[in-house]
Amino acid sequence: MSQEENKTKEESRRDFMMKVSLGLGGVAALAVSVPVVGALVAPLLENKPEVWRTVGKPDDFPVGETQLVRFENADPKAWAGMTARTAAWLRHDTEGHFIAFSVNCTHLGCPVRWEADAELFMCPCHGGVYYRDGSVASGPPPKELQRYAVRVEQGQVQIGTGPIPITNFGDEQAS
Amino acid sequence: MSVLQNIGNWLDDRLGWSENIMPLIKHPVPPGAKWAYVFGSATLFCFILQVVTGIGLSLLYQPSSADAFESLKFITNQATFGRVLRGIHFFGASGMVIMVGIHMIRVYIMAAYKYPREMSWISGVFLFFLTIIMGFTGQLLRWDSNGVWSSVVAAQNLGRVPLIGTGLARLLLGGDTIGAQTLSRFFAYHVFLFPALIFLFVGVHLYLVFYHGISEPPKAGQLVDPKTYRAWYNDMLKRVGVPFWPDAAWRDALFGALVILAIVGLAVFVGPPELTQPPDPSIINTSPAPDWYMLPVFALFALVPPATESYLIFLGPVLMVVALLALPFVSNKGERSPIRRPWAVFGVACVIVFMGALLYVGEREPWSPHFDTKPLAQVINYANPKLKQGAILFHDKGCQYCHEVGGQGGITGPSLTHIGRTWTTDQIKVQIVNGATGMPAYGGMLSNKELTDLVNFLHAQQ
Numbered sequence: 001m002s003q004e005e006n007k008t009k010e011e012s013r014r015d016f017m018m019k020v021s022l023g024l025g026g027v028a029a030l031a032v033s034v035p036v037v038g039a040l041v042a043p044l045l046e047n048k049p050e051v052w053r054t055v056g057k058p059d060d061f062p063v064g065e066t067q068l069v070r071f072e073n074a075d076p077k078a079w080a081g082m083t084a085r086t087a088a089w090l091r092h093d094t095e096g097h098f099i100a101f102s103v104n105c106t107h108l109g110c111p112v113r114w115e116a117d118a119e120l121f122m123c124p125c126h127g128g129v130y131y132r133d134g135s136v137a138s139g140p141p142p143k144e145l146q147r148y149a150v151r152v153e154q155g156q157v158q159i160g161t162g163p164i165p166i167t168n169f170g171d172e173q174a175s
Numbered sequence: 001m002s003v004l005q006n007i008g009n010w011l012d013d014r015l016g017w018s019e020n021i022m023p024l025i026k027h028p029v030p031p032g033a034k035w036a037y038v039f040g041s042a043t044l045f046c047f048i049l050q051v052v053t054g055i056g057l058s059l060l061y062q063p064s065s066a067d068a069f070e071s072l073k074f075i076t077n078q079a080t081f082g083r084v085l086r087g088i089h090f091f092g093a094s095g096m097v098i099m100v101g102i103h104m105i106r107v108y109i110m111a112a113y114k115y116p117r118e119m120s121w122i123s124g125v126f127l128f129f130l131t132i133i134m135g136f137t138g139q140l141l142r143w144d145s146n147g148v149w150s151s152v153v154a155a156q157n158l159g160r161v162p163l164i165g166t167g168l169a170r171l172l173l174g175g176d177t178i179g180a181q182t183l184s185r186f187f188a189y190h191v192f193l194f195p196a197l198i199f200l201f202v203g204v205h206l207y208l209v210f211y212h213g214i215s216e217p218p219k220a221g222q223l224v225d226p227k228t229y230r231a232w233y234n235d236m237l238k239r240v241g242v243p244f245w246p247d248a249a250w251r252d253a254l255f256g257a258l259v260i261l262a263i264v265g266l267a268v269f270v271g272p273p274e275l276t277q278p279p280d281p282s283i284i285n286t287s288p289a290p291d292w293y294m295l296p297v298f299a300l301f302a303l304v305p306p307a308t309e310s311y312l313i314f315l316g317p318v319l320m321v322v323a324l325l326a327l328p329f330v331s332n333k334g335e336r337s338p339i340r341r342p343w344a345v346f347g348v349a350c351v352i353v354f355m356g357a358l359l360y361v362g363e364r365e366p367w368s369p370h371f372d373t374k375p376l377a378q379v380i381n382y383a384n385p386k387l388k389q390g391a392i393l394f395h396d397k398g399c400q401y402c403h404e405v406g407g408q409g410g411i412t413g414p415s416l417t418h419i420g421r422t423w424t425t426d427q428i429k430v431q432i433v434n435g436a437t438g439m440p441a442y443g444g445m446l447s448n449k450e451l452t453d454l455v456n457f458l459h460a461q462q
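Chains A and B are the protein sequences, given in the same order.
Per my numbering, residue 1 is the first one in the first sequence, and the count goes up by one each step.
Per my numbering, residue 1 is the first one in the second sequence, and the count goes up by one each step.
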C-alpha cells in the first residue's frame, strides 16, 4: 500500500468515527430529553375526568341567594394541602334549580366577590363587575363568568369540577 | 524566597493565574469611563447577592404547596436572621431590576450597542427579560394568597396567546387548576431553569465585554464606522488605555458595595413584604397585586380599552422583544453622543415618564372598588330617616365602593359630594337605573322605594 492510500484510508476512517460519535451523541441526548421534556409537557397529556363533588343539601342554600361553596379539585396530589381546595359561587336560582359560577374573573383570573346587598359580583384587581346571572356589568372583563356543571343527586347538590377557565385571544365581549 | 512565595509560585504555575487571568483583570480600557459605567457591574453584584441569599433561603424553604407558606412564616418569624435573609432577597430583586434598567438606559443613551457590540446588547436584552421573569416567579414562591392568585393571573395572560394560549397556561400551572404541581413548577423555574439561563447569558455578556472591550465614552462628532472602528479603538487603547484594575474597577467595587449595603440596610430596617393569607384557592377575599416592578403592566391592563386588550397582552411583549433585538441592526453606526441624538434621549424620557405614571396609578388603583370603605351612615349622623336610609343603601348597594361622598368612598367613579347641585332627581334616577360605561345598570336590583331613597339622598348632596 502506498502512503497516499494509507492516508486516504485513515481519513475516511476518521470521518466515519466522527459521524458515529456525533450520531451516538445525538441518540444519547434524545434518550435523556424524552423523560425531561415528558415531565415538562405532562400537564398537556393528562386528561383529568370531571368529578362530581357534593357541596351540601338543597336546603342549605336559600332560594335566590348566592353563596360560596368550597370543594376539592378533580385530582389533587397527596401533598397538595389546602391548595387542593377550590371554590365556586352557587346560586339557588329557583326551587331546585342551581347555577354555579367560577370565582375567576374572565379578565385576568382574580377572585370575584359576591356583594349580596348590591347583587353584583365584583373583582378587586381591575374593577370588573358582573350581574347576578354572571353577565358583564362593567369594567374590562371580555366575557361573562364561566359556569360549572351542577346537579341535585340523591338529595345532595353536586358541582362538576372543572379547569380554571382561561380566557382566550379574541373572546368576544358578552353583551 | 519565603515559603509563602514558594506556595504562591507553585499554585500560579499549576493554575496559570498570572498567565491567563491577570491579563483579563488588567486589560486596558478607555479612559474617562467613570460613574456612568458602574450599573452593569452593580447588576451583576445584585445577581450574585440573589444567588447567595437564594441558597440561604433554599436551606429553610419547603417547596411543597402544602408546606411552603408555613416555612415562609418560619423563615420570617423564627429562623435565625431569616427575616433579614428574606428581606435581602426581596430588596436584592428590586435592586437588580433597577440596576438592569439604568444600565440598559445608559447603554442606549450612549449608543454602546452599536458596532461591534450588537451581540452584547442582544445578550443583555435576554438578561433583562430573564430578570423580570425571575422577579415574577419569585413573587409566586411566597405562596401566600397573593402568590397563588398571581399564578392564575400569569396563566390568564398566557391564555391570550393565539392558538396555543390555553396549552401554555396549563403548562405554567402544571395542570387544570392550582395545586401541588403548581408550586413545584414555579420552584423549578425560579431555582433551576431561569438562573441557569442567566448564568449562561451573563457568561456570554461578560465574555463579549472582554472580547470587544468596553465602549469608550462617546464624543459628539466622533462617528462609529464599522470599516475603521476596530483599528481606531485598538489604537486608542494603545495610546491612552488604562488597566481595568485598578484604574476603572475601583468604582465598580465601591458602587457595588454601596448598593449591597443599601439593600441589607433596607432588609434590616424595612424588612420583607408581609405574608398575606394562606394559599387556599377557596379563600377569595384577597386583592392580588404584583410587586412594584410589575405594577405598571398591571395598571396598563386596567386602563386600555378592553377590546384591544388581547392584542396588547400578546403583541405588546412580542413587539417589545422584536424592537429591542432589532435596535443594534437598525442603527449600528454613526453618532453615539446623546447630545447629537435628541430623539433617543426624548424616547427614553417618554418611557420613564410613562412607566412612572403607570406605577403611580398602579399604587392608587383608581379602577378598583374600595371594599373597605366605611359606611357613610356610620360616619355622618343623618337626622332625616329617609336620608339615613339612602346613605345606608349608598354603601350596601356598592355605590360607595366606586363613588365618594364627603370624603368617604372609592375613586373609580366621579365624586358625588355635590351631585345635587348640577343633576336633577330625574337625571340621577335615569343614571342609576340604566347605568353607564363603567357603571352597572341597577334597574333590576332596586325596589322602587330603594331607588327613591337613593335618588333623594344623592340629590341632597349639595
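Any given hint might turn out to be false.
[As the list claims (entries may be wrong)] Only pairs whose alpha carbons sit at most 30 Å apart, straight line, appear in this in silico DSSO-like list of lysine-lysine:
(1) Lys333/B / Lys219/B
(2) Lys333/B / Lys386/B
(3) Lys73/B / Lys77/A
(4) Lys143/A / Lys333/B
(5) Lys388/B / Lys429/B
(6) Lys219/B / Lys238/B
Quick caveat, the hints were computed from the structure, so don't treat them as lab data.
All values reported here derive from a predicted model rather than from experimental measurement.
These are the hints, each one checked on the structure:
1. Distance hint between lysine 333/B and lysine 219/B is fulfilled; the C-alpha atoms sit about 14 Å from each other, no more than 30 Å.
2. Of the pairs offered as hints, the one joining lysine 333/B and lysine 386/B is violated, with about 75 Å between alpha carbons and a cut-off of 30 Å exceeded.
3. Between lysine 73/B and lysine 77/A, the direct Cα distance comes to roughly 23 Å. Compliance with the 30 Å bound is thereby established for this hinted pair.
4. Taken as a hint, the lysine 143/A and lysine 333/B pair is broken in the structure, with Cα atoms around 49 Å apart against an allowance of 30 Å.
5. Between lysine 388/B and lysine 429/B the alpha-carbon distance is near 18 Å, which keeps this suggested pair within the 30 Å criterion.
6. For a cut-off of 30 Å, the pair hint linking lysine 219/B to lysine 238/B stands: about 19 Å separates their Cα positions.
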